[in-house]
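For reference, the chains in residue letters:
Number of protein chains: 2
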Amino acid sequence: MLSLVPLLTAAELPAAHKPATVADIVAASRPSDWKPLDPENTLYMQLPAGRVVIELAPKFAPEYVANIKTLVREGYFDGLAIERVQDDFVVQWGDPDHRRSLGAAKRSLPAEFVVSARDVPFTPLEDPDTYAPEVGFSGGFPAARDPAVGRAWLVHCYGMVGAGRNDDVESGNGSELYAVIGQAPRQLDRNVALVGRVVRGMELLSSLPRGTGPLGFYTKREQRTRIESMRVAADVPARERSRLEVMRTDTRTFAELIEARRNRRDAWYKVPAGHADVCNIPIPVRPRLRQR
Amino acid sequence: MLSLVPLLTAAELPAAHKPATVADIVAASRPSDWKPLDPENTLYMQLPAGRVVIELAPKFAPEYVANIKTLVREGYFDGLAIERVQDDFVVQWGDPDHRRSLGAAKRSLPAEFVVSARDVPFTPLEDPDTYAPEVGFSGGFPAARDPAVGRAWLVHCYGMVGAGRNDDVESGNGSELYAVIGQAPRQLDRNVALVGRVVRGMELLSSLPRGTGPLGFYTKREQRTRIESMRVAADVPARERSRLEVMRTDTRTFAELIEARRNRRDAWYKVPAGHADVCNIPIPVRPRLRQR
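Residue numbers (this note's numbering), protein chains in the order written: chain Z, 44 to 335; chain G, 44 to 335.
Be aware that a few hints might be false.
It does not matter which identical chain is meant; a pair holds if it fits inside one copy or across any two.
With a Cα cut of at most 20 Å, we get these calculated SDA-like pairs of lysine to any residue [said to hold, decoys possible]:
id	residue 1	residue 2
1	102	289
2	313	212
3	78	293
4	313	161
5	313	209
6	78	331
7	102	166
8	313	176
9	263	250
Simulated from the structure, these hints should not be mistaken for laboratory data.
This is chain Z alone, in the form it adopts within the complex (with noise of 0.2 Å):
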């Protein structure tokens, strides 16, 4: 068979005995090199199909994951639905009827769209981006900064969790989230707050069928898919909880991983690229190993 190009299966081993490929390195890995998610920062969404865990970025968006915290914790997005399916951008949820109180939510909230730079751990990507003068990572989620200015930001690569907002940039409040489902949208950046990213569960949004209507809105009520449930991990029972955990990105193993990235050691590729784009770079995630 025309097999096409094995992403993460090993072929050869280098001589050098030194990890070759993503799966190499993720089998070599050491329990440190991780992190386990904190409940009180994972979001569960349910749908029909399975869940969908959301990592929240509170380094980033602190009063928007608050804000979206105390929508989950009143029960706002629960019998909600995915209402836009947008090819090669995004998938949006929330309440596509605008019947739902916001309760003791805000209506509004500042424009979390850049952080200081001191107030964020960066880890830089040493390759050119279009975008941003750096770009790299900082604490688990693909990251930009501008050291000219002494700013940070969250990038929109695939599976990172944002919230719409309206023309002014205070009208946001976290009660229509969306995810990438494409080519990273980076014209986005530094535009609308990035809150978090997908780190379980992003084949159940890919996989949804494409909104017809404008800007990928379903038009008819039965194309949408509804939200059982959004809960906070930490409200869920323990043995109920999706036990995950997230490499880090600050450590020599994910170094390793970024060159496994920017050079392919398996025989199928020929030509390495010699580089890699920042949301080419996925940030592994695993069940959490067990305790011994």
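With chain Z's structure known, arrange chain G on it following the hints.
Quick look at chain G alone, frame taken from chain Z:
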């Protein structure tokens, strides 16, 4: 409602009266800004949910295109299946059971991964690219170029179609094809033959259920999507053809479209990106206008 990112809706027109958004530019374009699909280099893949239209790129992969057309004209793909859907990567189709004869088609083809830069048109994009010395557009396809060695190649943007191969670079023959459904896997550039791109029906591929086997292959036969037929458009009666035209990429109009993607003019955007990735500038396709 908290709408999100009116990507293709016109908002505020700048004072200069110059087309501002992609929608404005398309609306103001002239017939000469478009080229109809060449029926001899267009494929229709009929799935149960509808027709996928693929524009072939014979200037970049002439032997692959010829071999694929031979396979299609022999009915090679009819009744075969989409066998692999790997999230954020590719959809792949071909003969999962390895039973079908290639007939008159060649078993092996030269590695048509790059061409001489002199042999193809090229409209450069001024923005820096992570992977290539220069990126831009060639005959309606996203492309890259290395002036130092005089080579050009198509790049793996969303919707691009390529031909799988085994480890041997001449092992491909077009009987296994794939389309990109996620972040541009640019590491594949120059490693495999890109043969065209999906110009209609991409959502029929991108929304397929993801495979749960290694590399996203389906584990059960019934998960596959059947290919009812593949046809060269020229072999289909004229009245049954998809009458589409693609925006030319070597025009002043397309240069305006690039600028509209680099710096969005919608009222929603507060910080223009100032740049655009070659894979974030989709080339417009529309129903062909009737002759007057």
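One pair to classify: residue 78 and residue 331, alpha carbons no more than 20 Å apart. Within, between, both, or neither?
within (9 Å within a copy, 54 Å between copies)
Within a copy, between copies, both or neither: where do residue 102 and residue 166 come within 20 Å Cα-Cα?
within (15 Å within a copy, 41 Å between copies)
Residue 313 and residue 212: within-copy, between-copy, both or neither at 20 Å Cα:
between (47 Å within a copy, 8 Å between copies)
Is it within a copy, between copies, both, or neither that the alpha carbon of residue 313 lies no farther than 20 Å from that of residue 176?
between (30 Å within a copy, 18 Å between copies)
How would you label the pair residue 263, residue 250 (within, between, both, or neither) given a Cα cut-off of 20 Å?
both (18 Å within a copy, 18 Å between copies)
Residue 313 and residue 209: within-copy, between-copy, both or neither at 20 Å Cα:
between (47 Å within a copy, 12 Å between copies)
When Cα atoms must be at most 20 Å apart, do residue 313 and residue 161 count as within-copy, between-copy, both, or neither?
neither (41 Å within a copy, 24 Å between copies)
Under a CA distance limit of 20 Å, which applies to residue 102 and residue 289: within one copy, between copies, both, or neither?
within (17 Å within a copy, 44 Å between copies)
Evaluate residue 78 and residue 293 at a C-alpha cut-off of 20 Å and name the case that applies: within, between, both or neither.
The answer is within: 11 Å in one copy meets 20 Å, while 49 Å across copies does not.
Of the numbered hints stated above, the single one contradicted by the structure is hint 4.
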